[in-house]
Structures are given as C-alpha cells and as structure tokens.
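Residue numbers (my numbering), protein chains in the order written: chain S, 1 to 640; chain W, 641 to 1280.
Keep in mind the hints are simulated off the structure, nothing from the lab. Check each hint, because a few of them may be wrong.
[Claimed, not checked] 20 Å max Cα-Cα, derived DMTMM-like pairs, lysine to aspartate or glutamate: (1) Lys-230/S with Glu-182/S; (2) Lys-230/S with Glu-135/S; (3) Lys-230/S with Asp-1043/W; (4) Lys-870/W with Asp-403/S; (5) Lys-807/W with Asp-761/W.
Every value quoted in this text rests on a predicted model; they were computed, and no experiment measured them.
2 protein chains.
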Amino acid sequence: MEENTSPLVVPVDPRRGSRRGAALDELRVTGGFWEHLQRSNSRSTLRHCLEWMERLGWIANFDRVADGETDRPRPGWPFSDSEVYKLAEALVWEHGRTGRAWPNETLEALVDRIAAAQDDDGYLNTCYGHAGQAERYSDLSSGHELYCTGHLLQAAAARVRTVGEDKLVEVARRAADHVCREFGADGRAGVCGHAEIELGLAEFGRALGEERYTEQARLFVERRGHGTLKPIALLDASYFQDDVPVREATVWSGHAVRALYLAAGAVDVAVDTDDAELLGAVARQWERTVESRTYLTGGMGSRHQDEGFGEDWELPPDRAYCETCAGIASVMVSWRLYLATGEARYADLIERTFYNVIAASPGADGRSFFYANPLHQRTTAADVRPGEVNPRAEGGVRAPWFDVSCCPTNLARTLASWQAYAASVDGDTVSLLQYAPGELRVALADGGDLVLRVTTEYPREGAVRVEVVEAPTRPVDLRFRVPHWADGATFTDGSGTSAVEPGWAHVRGGLEPGAALTLDLPVTPRLTWPDPRIDAVRGCVAVERGPLVLCAESVDLPEDWSLAEIRLDTAVAPRADGDGALVRMASVRTPPGDSGRPPYRSAPTPRLDDGSSIRDVQLIPYHRWAQRGPSAMRVFLPTA
Amino acid sequence: MEENTSPLVVPVDPRRGSRRGAALDELRVTGGFWEHLQRSNSRSTLRHCLEWMERLGWIANFDRVADGETDRPRPGWPFSDSEVYKLAEALVWEHGRTGRAWPNETLEALVDRIAAAQDDDGYLNTCYGHAGQAERYSDLSSGHELYCTGHLLQAAAARVRTVGEDKLVEVARRAADHVCREFGADGRAGVCGHAEIELGLAEFGRALGEERYTEQARLFVERRGHGTLKPIALLDASYFQDDVPVREATVWSGHAVRALYLAAGAVDVAVDTDDAELLGAVARQWERTVESRTYLTGGMGSRHQDEGFGEDWELPPDRAYCETCAGIASVMVSWRLYLATGEARYADLIERTFYNVIAASPGADGRSFFYANPLHQRTTAADVRPGEVNPRAEGGVRAPWFDVSCCPTNLARTLASWQAYAASVDGDTVSLLQYAPGELRVALADGGDLVLRVTTEYPREGAVRVEVVEAPTRPVDLRFRVPHWADGATFTDGSGTSAVEPGWAHVRGGLEPGAALTLDLPVTPRLTWPDPRIDAVRGCVAVERGPLVLCAESVDLPEDWSLAEIRLDTAVAPRADGDGALVRMASVRTPPGDSGRPPYRSAPTPRLDDGSSIRDVQLIPYHRWAQRGPSAMRVFLPTA
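With the hints as constraints, model all of the structure from the sequences given.
Structure (structure tokens):
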C-alpha cells in the first residue's frame, strides 16, 4: 500500500497540475454569512439528518443485512444507502474542520453498522443481493448500486484526508475493489443509471494513490453514452446521459444532478489521465450550459418532469426546478474546472450558486429545506404541515424531509466543507476566491507560510480587508477574485486606491507582514436584464446586490397588491436597504376578461391604476424567501 | 328489462331537460374540414389502431385470459384494455354514422374476443385477477380497472343507441352489474385513480334505462375527494382529484384528463339526479379554469410532470402539455354543460378545442399523432424515426404510437362522432353550433321534420348559407351560434342583412321551405393579446383567423432567421393568405453575451437589425404545423 504522508484536507485533489484548493485546516472562518450557515449545519442539520434516517429505518437497513433479516419489506428508496454515506461524508468534514468529538464518534458508530452489512466479497448494498431481494446489479438503470458506492468512496476519500486510513476506508477499499472486479475491462460492460461512481472512484483513487480506481472511473466515463442502459418508462436515454458519449456532448441535458456528477467525474478522469480532449469537451459543455441553460441564481435544471435541463433559453422562473443537489453538483464541476484552468469565471459561478441556490435551501432552523428552488412562486401550499415529509417541498414551504431526500445530506456535506472552495494555491500564488472573515494560513509548496487575516461584512458590505500576518521573505503573489458583476470595484494597498476590472486584482510580490490590502466591491443594488431569447421572462428585470439575487416577497407588498400585477419603475434606481433594496413599483389592475372565455383579448389590456398605486417596495435576498411563513415570491419583475 | 324504443344516436343523452344533441343520423356532413378528417379517420386511423393493438398484443391479452394463459408477462400497461374499448366505441360510431359493414364486422369480431375474457361473475380485465396476476382491485390508485370498465360502458352505450342490444351490451351489462355489487353502497367504498367509470355508468344507465347505474355513478362521484386513494410516489392526492370533493372544488387541478372525465361524470349525475348544487359547482370550475388555466388553442394542462393543470396564469407555451385526450375530455365536459344550460360559450370552447387541439393531433396520413400540443417548439427531435413508438411524440414529430397510447383511439371515437356536437334541438328550437357543409334533418319532438341544407367553406371562408328544405307549418326557431371572436358578423335573410352580436343569431318562426339564410362570420386575420397575468407570453401577441389559431413555422422563415429572434410589427395588420395570414416581421440579432456567463446582462440588450431584416412572413393554421417535416414553431409572437 502506498503511504499517504501529508494528505491535503480538501474534497478534490487532482493528481496533475500544481493548483490546489486551500485545505479545510488552512482557512478558519470566524464569522459572517458562511460561518452562520456552518454553525446551523453543525448544530442542527447533521443531527436532523441522523434522526430522520434512524426514524425512517434507512440506517437500520444496514443492520438488517448484517442480521440476515432482508426478507421483510425494506423501508426507503433503493438509493437510501447513499444518504447515509453523504451524512458520513458530512461528519468526516465536520470533524476535519472542527476537530470536535461528536461528529467523529457519530461517524465511527455509523461505520460499524455500515461495515457489518458488507458482504465477504466487498459488495455493500442494503437493497440488492440478499435473501428476498433482487439480484445484484439486476437493474443498472434504476438500481443505484454503483451510485451508492460512489458516495461511500467520496466519504472514504474525505476520511483518508482528514484522519488517514481507518475502518471506513477499509470498507470503501473492499467495495471499490469489488466494483473493479465486476465492472473492470474484463467484467460486465455496464454503467450506473445515476453517475457518481466515476468521481467517487477517482477521488478515492487519488486519496489512496490507487491508479486502478482512476482507470475504473475512466472506463465508466467512456462506456456511457452508448445506449446500454435499459430505458425507464417515458424517459429516454438522455435522462441518464446514455445517449451521447461524454466527449461528444456539446451541452448538458437530461437529469441535471446525473449530468453534473458525470461531468465532475469526467473532469477528474481527464485531469488525472492528461486527456485534454475530454477536459475540453466538459469545459465547452459548461460554457454552453451556463450561457443558455442557467438561471440568474446559478440554478440548473428547468424541468420537473425528469428533474432535468431544458433546451437552450427554456428557463421558466415559475417551474424552475433548480434542485438544491444540482446546485451542489454544479459547484463540484465548476470547482474541478477552476482547479484545472485557474479561470475566474468558474469561481464566479460557484459564488452565484452558493449564495442563491445552496444558501436558499436550508431554513433558519437548519431543519427544513427546499428541494427545488424556483424563481417565482404564485401561491402558497395549503397542505404542507411543519414536521411532515412532503414529496418535493413545493409551494413555498421548506420541508424537514422529502420523499426523495437527497438534498439535506448533500447540503450537510457541502456546508461542512465550504472553505474548501474559498481559496487556492498554485506555487507561490495564492488566490482568494470567496470572501469571509477569518484567517488563511497557507503552507507554500516552496516553503514558508502565507498568513492572511480577512475582515469583511461581505456580502452585506463590499469591503474585503486583508492584513498580511506572515509572509515568506521571497516575493509571493496574491490574487483577489473580482466578480463578473463588480463594475467599479477598487483596490487599495500601500500605494493608494485604483480601479480594478472583473477578473483578478493582483498583488505581485512584496507582501510584507502588517501590510493592509482592501478590495472594495460595489454592492449597491443593480438592475439585471435577461437575454431576450429567454421567452419566459420577456419584459422583466431582476435586481441584484453584490452576489445576491433579490426578490419581491408577498409579505412585503401592501395588502391589496398582488405579485401578479406589480410593475417595476426602472427609471428609479433601486436603493440599498438592509441587505436588500427598495424599489419603486406600481400596482396595476387587470380589468376582468369576458366571463367564461380563455384569457386572451382582442386588444391590449388597458392599464388601470391611480396615483396612490405607486410605492417603494422592499426586496429581500432570494436565499431568505419564505422564512417569514409561506409566501409568494418573484425574482423577475415586470417593468412598467 | 326496460325497452329502449327509439334511442337517440348521440354520445350524451341526459335523462332530464328537453335539450338534446342532433343525432349522428340527423346530420350528414358532405365535405369540408371535418368530413376530411372523418374520412382520414375512417380510411386510416381505425385500421391503424387495430393493427398496432394486434401487433403489441393488447387485443391478444383478452385471448390469453380466455385461454387461461395469464401467467406469462403481459404486454402493455395495466390500462391497455381501455384502448381496445375506445377503438370499439369508435367502430360503433363509425358504423352508426356510415352504416358500413367493415366497422360492424370488425367490432363484432373484437367483441367475441373481449367477451371470452369475461369472468363468470362479470369481472372483465386482462391485467388483474387471474393466475399469475395481482388480485382484483388490489391497486385502485394505479390499477385502472374501473377506468377500463368505464370505457367499455361508453362503447356499449353507443352500441345500444346505434343498433340496440347485442353481445357487447350484454358483456357491458354484466361488467356494470359486477361493479355495482363490488362498489355499491354496501360494497367497498373505493374509487378508481382515473375517473371514467362515473360517466360510463351514467351513460350506460341512460342507454338502458337502468337507474342503478346512475346511482352507482353518483356514489363514485361523491366518494372522491376524501383522500382514500393511496398516493403514488411524488404525486399528491390532487393528481387524481382525491383531495377535495367535486362539489367543493373551485377549479380543476391535477391530471387534466382525470379531472375532466370526472367533471363530465359529475355533470351526468347532477343532471340526472336534478342536483343543481353539483351542476353549479362544475360550471364554476369550468368557468375559472377556462378563464385562467386554458390556452389560446383551448388546450388544457400546462405541466408535463403530472400531465396536469398548473396554477392560475401558469400557461407556458413551450412546455404546454395540452394533451390531445384532455382536449377531447374538455369537449365532453363542455358539451354536457351546453346541453344542461344552452349557453353558447360552451359551444365556443368546443369549437376552439376542435380546431386547435383535436384537429392538430392527427397527421395528414391519419397514422401519426401528437400526444402533447405545445404552442411553442424551439427545436426538432433528432431521434424520432417514422414508424417507431416514442414515449410522448415530442420534438415536433407526430408518432404512430406512444408508450401510453391513449390519444389515437380517443381521436378515433371523437372524429367518428363529430356531428354529435354540431347542432342541438330543444322543443321547436334548433341550434346550429358547428358549421360544416351538409344536411341536417331533425325530427322535432312535437312532430314534423326540419330539414336544412348547409353550404359553407368555413373556416377558410366565413359565409354559412342555410337553405330551408323542409319545415313544419307551425313556427319553429332556428339559432346560429355567433362565435365569441366574431365581431362584425352579419346575418342575411329575406328581409336583408343586419349586424349580429356574438352569441346567437335567431330566426324566430316563419321558416319556409326554400328560404335562404346566411351567417357571415369575419375570418380576416386578427391579433389576440394574452392577459397580462400570463407571465410566460408577456410582450407577445398571437394571430387568429376565424376559429383557427395561427402559428409561425420555421420552414416559412427566411433561411437566416430564427424563431427565437423574430418580432411582429403590430402596426401592420395581418393579411389573409390561403387559410393562414401574412404578417410583417423583423429579425433581430441578439449580440453575444459574455463568454461563460449566465444569460443576464447589466443593460437591456440593444436591438441589432438593418433595413433588410423586415419581411412579410407566412403564418399557417396551428393544426397543420409539422406536416412538412419536423419543424420549430411558435403561436405567440414577440412584438417589436
């Protein structure tokens, strides 16, 4: 076994290329937006996930296999094991980041139960292959066995990097070896209906230095797209990306989370095998998908039917699916592309998605979540009761658990490792990508530490102050990401203040302890217009503030107004107010149509209003919507 | 057994109320739009359905039950029996309308095979209750057994009215009796996940004069809405209208075909039991649904996920579901409400739906069909091959058969009985509702015949000429429906020409043989604006011509234009051209956004065009789209 002497505590650690993410133990976040969410995750969400999965029997499914009691009906979907693994990964990161005992002890207890369910040959799944169950791998399209294993491997890779090899890692190794035996070059030429095993194998292979796992990941990536998966009723092969090989696809389509997990695995394989063609293909897919199939929030997936991408320009705000897990998966892909290329645009999309998809999902209690993240909610659900499972947490009410409850555990592992996406190191260049107050202590590859103290109220305020606490005596470079939207940003150092363009603010060489540097990002509210090819929001505009997409929520409207009949006056600039904005709006009344006629008229509808119908209305950050009770909401506001 | 002496050859024959539809044998259509479709149905669609269902084994499923060979895997969905019954109903009407031998012989052969599968106690279903199958009624949510029986009863009711009692009727009677025993007041208090048994029982009861069947239909209607159906994964009780009792619902929601079949059954029950409250409830549901959840085409159902209604104003043109069967079901409800009330608006919606949903589904060959009828198609399917089943006939290509192939047989029975919706009789008042060339010979209740000869090129031309061939000597009334959109209609009789308002043009008394009457409907193209609350088509306008919704199809655009970037010049009135229109359009070019950024901008997109980009563009009737090969299409046109 190859010794892994100094593992980097990061979720993604490519074999090739000198750029790396800052490790979880290099960046301490001491307050602000993300520390708040991490605290809520730590205090509430992790326990919440554990409690629900105990209550529903998803963890006990492992005990049943261990106890040979599998011929009773099994609770949970076939893929419920993956939820347990995602929670395990969350606990690993939580322990790795904080060093606290509870996550570690909880993890170890969980691993004991998982390990007991592993078959002698390494196969590990609570839904298949035992008495009373369907045969192993008898339904690759829907069975999710390899998908589950992929999540086990991600958790184990995290464990290798935080504490080294242990029981979880050993279980994962045996499971990975089993997969390689079954699905290797000489084994069955199948793929899983839900991608995930690819990136799991790649990351676990990186963590252990096992190239066999990378090779198996490569095989899975190359095998997909040849129509080998049996179609699922009413869904075609694009649903699981089995219609076109990854290196031939030009855009993402089908089920969004599947497409994105597959892309992440493909980048891992491309980077580790130095496959520029494959990397270029995924980068081009990212580009077209971002440019024509991505919401203002960063959300991906515009169809409910297959939880999938729509066509170019098909971006309805009301039926936006924008699954929380797709947001997380998008960050996973963008982060890998950032590490591979160093391009700021990937970090830009990560920021947009973190603030407007990922942060929108959990409620203030850390125990309720959005599954879909639409940009327009017309009415509120009457029938969702707090504390109850509901299928998709629709209707403007976060739910404690869903029928397919993939998002809470995915959030838990992502929030527990947020700092992994905040900075990167490439030789003697350190890049600050996401801004939060705290301390960054980076061990540079050529020796010496760079220690920075960051002070900021971002995103509420735009100033990001960095004090150099410690720096090597040789020149090192520091880069601040200047987000795409930050027209008018300035940068201040010892020599004065100057304008900086979106992209990077560079400080080349000469970092002296005690030096103070300030990036000032404009966080005044601004209007944002959709591309005119997006039919669903024609004639509308959105308001953003810094990285935050804002929205109008029904509870902030005058009582006799309706979100269906507001008009934004774009001639009046939105003004900052709290962390949201005040905008000038009019309420219009639609005169009634003819009784019993479809809602189409022989002339444009006259606008009915009077002087009293113009008001300043509060907009709030989108991620906070529906926190004051069920509400209606819209991001895109019709213009006057 | 009650004798049924002079049955009326109509699909809906209420027990109460004096208004009735003109019978199939009272109205002979001799040419024009609907005769053309009836001929195609007659020559192609009926045989096509028969061939496909033989090939797929859906008919042979009955043989298997008869032969006791049910322990092999059964082809088709659980509800495939209903397709056979809908084809049977189509054959009954086809025979009833034409008197031809082929449909009758084909039906009788089919009935022999159906009858052989009936169990001794009357239960008849090829998917449940036999060796190797799940138990009878073990899955009311998804099993569709009562749904299938409902279609059998509709076919049998049609048979009673066209030829009288025969083997099909006897089979149906035994099936209906079985349902009454199992699900009667003392039986199990269940309902079927898919409504249909209600209207089947009501109509069959009417045809046979069996009040027990009406009572059973009433029980089913009243039982629904109390959450007794086990939910189907990810769908809630509203999917099958089990969330709110019919008499308490205010709007249609959930699966559109289910909601509409249920409403049709509820009207039948309300009328036959003189339940004004129930009738009023359905009429109010119709009104709100039409006013806020109905497409310009008359299409209903805006969600793919559950084939269901969206919320008020949720009417996206691109993801419009507008299932062909929902259009048919909407006609079934509107027709019943028309018979109950005599209000022209119901016939208006029927016309809109016939021309723009039902007529849009079949291809010119009568052997390919649309399942969904969206109002905007951005791209064409690359992967649909003629002759192949495809799940939903999406992508702008009609398919010969679908995975769930409910629409072809539903079309077949509806087209075979089109004239049933074209005129009505109430005492001595005859109302012309839909216009086609031919002869109407109505036996009036108080004696005597009214015989009219209709000459018209409608909808291509607006003149409807009626010659009185025969009339009683006493005064009788004749009404012409003047459609809602017909501003500027005129009516000409012996005394001259006068303007008529939408609603009715009455000719009271004094119908003399030889008299000539002409209704002139304006069929010049006109602009139609959507209600401003329909977010998805803000800033757009549609063009209609007479009852026809028009559309722009990609094949009619200059080669370098794109449907994503056209703008209609509303200042130039559309001009009639063929049966479509010519409109003035501009092509605009969207300047490229920033590479790798989501499609939202810091300023409105400048319009790039030059003088050469303005053209007259052909619009065609929506129902004819995609008949010149796969195409992109849009009904709502962005304005300049």
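Compare the distance between the alpha carbons of Lys-230/S and Glu-135/S with 20 Å, and conclude whether the hinted pair is satisfied.
holds (16 Å)
20 Å Cα cutoff - pair Lys-230/S, Glu-182/S:
With Cα atoms ~19 Å apart, Lys-230/S and Glu-182/S stay inside 20 Å; holds.
With the threshold set at 20 Å, check whether the alpha-carbon distance from Lys-230/S to Asp-1043/W stays at or below it.
Roughly 15 Å separates the two Cα atoms, so the pair holds.
Given the hint that Lys-807/W pairs with Asp-761/W, does the C-alpha gap stay at or below 20 Å?
holds (16 Å)
Is Lys-870/W close enough to Asp-403/S, meaning Cα to Cα at most 20 Å?
holds (15 Å)
The structure is consistent with each of the numbered hints, conforming to all of them.
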